[in-house]
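Colleague: Sequence:
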Amino acid sequence: MATTDEFSKEIEQLKKDLTSLRTDIGLLVTSVKDLAGKQGDKAVDLAHDAEKRVRDQTKLAGESVEKYIEERPLTSALVAFGSGFVIGMLLSNKR
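Each residue of the sequence shown is one higher than the one before, starting from 2 at the first, in this note's numbering.
Each hint should be verified, as a subset may be incorrect.
Stated by the list, open to error - Straight line, CA to CA, 30 Å or less: simulated DSS-like cross-link-like pairs of lysine-lysine:
id : residue 1 : residue 2
1  : K53       : K39
2  : K34       : K53
3  : K53       : K68
4  : K34       : K17
5  : K43       : K53
Treat the hints as calculated values from the structure; they're not laboratory data.
Whenever a hint applies, use it, and build me the whole structure from the sequences.
Modeller: Right, here's the structure in full:
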């Protein structure tokens, strides 16, 4: 049977192990939190880059359409009129 002195030593060792475990868990939580923050920052950066690319492409497409309309005003007007007429026919309920 274990003596009281051996039992006290085992209790003290358990206390030290628990303290060490608490410290390790705290460091682990901090590391996970830092990693999550960095990943979140990367996601935000990627979203901003995608937004910039979409804005640039939209601007280029708008400029291209504007240039086409300036170069071919009659064709553009006829296409707009024809598109409006077809959409109007599709949306009307007279069947």
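Colleague: Hint by hint, which ones does this structure get wrong, listed from lowest number up?
Modeller: none
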